[in-house]
Amino acid sequence: MDITDIIKPENKVYGKSRLLLDKVMHFCPGCSHGTIHKIIAETIDELDIQEQVIGISPVGCAVLAYDYIDIDWQEAAHGRAPALATAIKRLYPDKYVFTYQGDGDLASIGTGEIIHTCNRGDNVTIIFVNNAIYGMTGGQMAPTTLEGMKTATTPKGRSYISSGFPMKITEMLAILPGVVYATRQSVDTPAAERKAKKAVIKAFKCQKLKKGTSFIEFVSTCSSGWKMTPTEANTWMRENMFPVFPPGDVKDETGF
Amino acid sequence: MAVRGAIEVETELCKGCGVCVVSCPSETIAMSKQVNGKGYNYMYMAHPEKCTGCVNCAVVCPDTVITVYRVKI
Chain A
46 MDITDIIKPE
56 NKVYGKSRLL
66 LDKVMHFCPG
76 CSHGTIHKII
86 AETIDELDIQ
96 EQVIGISPVG
106 CAVLAYDYID
116 IDWQEAAHGR
126 APALATAIKR
136 LYPDKYVFTY
146 QGDGDLASIG
156 TGEIIHTCNR
166 GDNVTIIFVN
176 NAIYGMTGGQ
186 MAPTTLEGMK
196 TATTPKGRSY
206 ISSGFPMKIT
216 EMLAILPGVV
226 YATRQSVDTP
236 AAERKAKKAV
246 IKAFKCQKLK
256 KGTSFIEFVS
266 TCSSGWKMTP
276 TEANTWMREN
286 MFPVFPPGDV
296 KDETGF
Chain B
0 MAVRGAIEVE
10 TELCKGCGVC
20 VVSCPSETIA
30 MSKQVNGKGY
40 NYMYMAHPEK
50 CTGCVNCAVV
60 CPDTVITVYR
70 VKI
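For the record, the sequence lines run as chains A and B. All residue numbers for the first sequence refer to the working numbering, where the first residue is 46 and numbers rise by one. All residue numbers for the second sequence refer to the working numbering, where the first residue is 0 and numbers rise by one.
Check each hint, because a few of them may be wrong.
[Stated by the list, open to error] If you want a taste of the chain A side facing chain B, the calculated C-beta under 7 Å gives, among others: (1) I51; (2) I52; (3) N56; (4) V58; (5) P74; (6) G75; (7) C76; (8) T80; (9) K83; (10) I206; (11) P235.
In case anyone wonders, no lab produced these hints; they're calculated from the structure. The C-beta atom is built at its ideal place from N, Cα and C for all residues, glycine as well.
Using the sequences plus the hints, can you model the full thing?
Structure representation (structure tokens):
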């Protein structure tokens, strides 16, 4: 059988989601952001809630998220996405509201906002992309940087004596009663990507059933910041980040 | 029942990260020696007869440049 006989519209099994716009993403080759954007677009498409979703884009590499996914977006000040999500959810309780934040945005400048949003149990979904580095500004140390990891501002490796320990945001937030679902996922392999998509679907269902805050952390790579090829970065993440940030559900009180 | 697959790649949009190549279970795809308009080596089907249309490459592609087709024969 020739390839031209297989490539026909009726045989199509997977293609670009209709919610992903044609604009080429500005992310570096192999960046996890692209895959996470795709998961969100596919989830919204599958749940058929395009008209009811409002996303909050952060400051950081994902700042242009509103250019890539065809839903309503609002751009927040640095770290303030959860506060904005709270406001939007209270004005439109029937809309699905999610924030999309990196570790510089959520774990550093916006730590106060995220903790109080989760403590209030606001019925929003938080998507937290943790690549252990400040990607956009050139690879400086982030609160989630691993001990001994070399970055632009820790050329000899992060030392806990001067800079503390990597911050485990998901575990910190999971102890708050307002959070019903806290999970950690990755998108390095097809299996992990499918699992992550199920987690995003579950988080949006939490909103529909008005359960409380749902929080998804994505352990992801920054091949440019880590100065590796994308495939090396995936291997490095599995070997070094997973022991500190193990994937899996940290808290699940959803009951479904 | 045998399954045959094929992929269509938007070569000009591929950034050549190679994440798809390591996730292909049948070693169908490889990186090209040529480069596209952006200067990236793009992925292509090196062994089209091996493709089963499992969609793994398309699922992990950060830029969603791969469309997968599958037929039962």
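Results for each hint:
no.: 1; hint: I51; verdict: holds, 4 Å
no.: 2; hint: I52; verdict: holds, 5 Å
no.: 3; hint: N56; verdict: holds, 4 Å
no.: 4; hint: V58; verdict: holds, 5 Å
no.: 5; hint: P74; verdict: holds, 4 Å
no.: 6; hint: G75; verdict: holds, 3 Å
no.: 7; hint: C76; verdict: holds, 6 Å
no.: 8; hint: T80; verdict: holds, 5 Å
no.: 9; hint: K83; verdict: holds, 5 Å
no.: 10; hint: I206; verdict: violated, 36 Å
no.: 11; hint: P235; verdict: holds, 4 Å
When the structure is compared with the earlier hints, a violation turns up for hint 10 alone.
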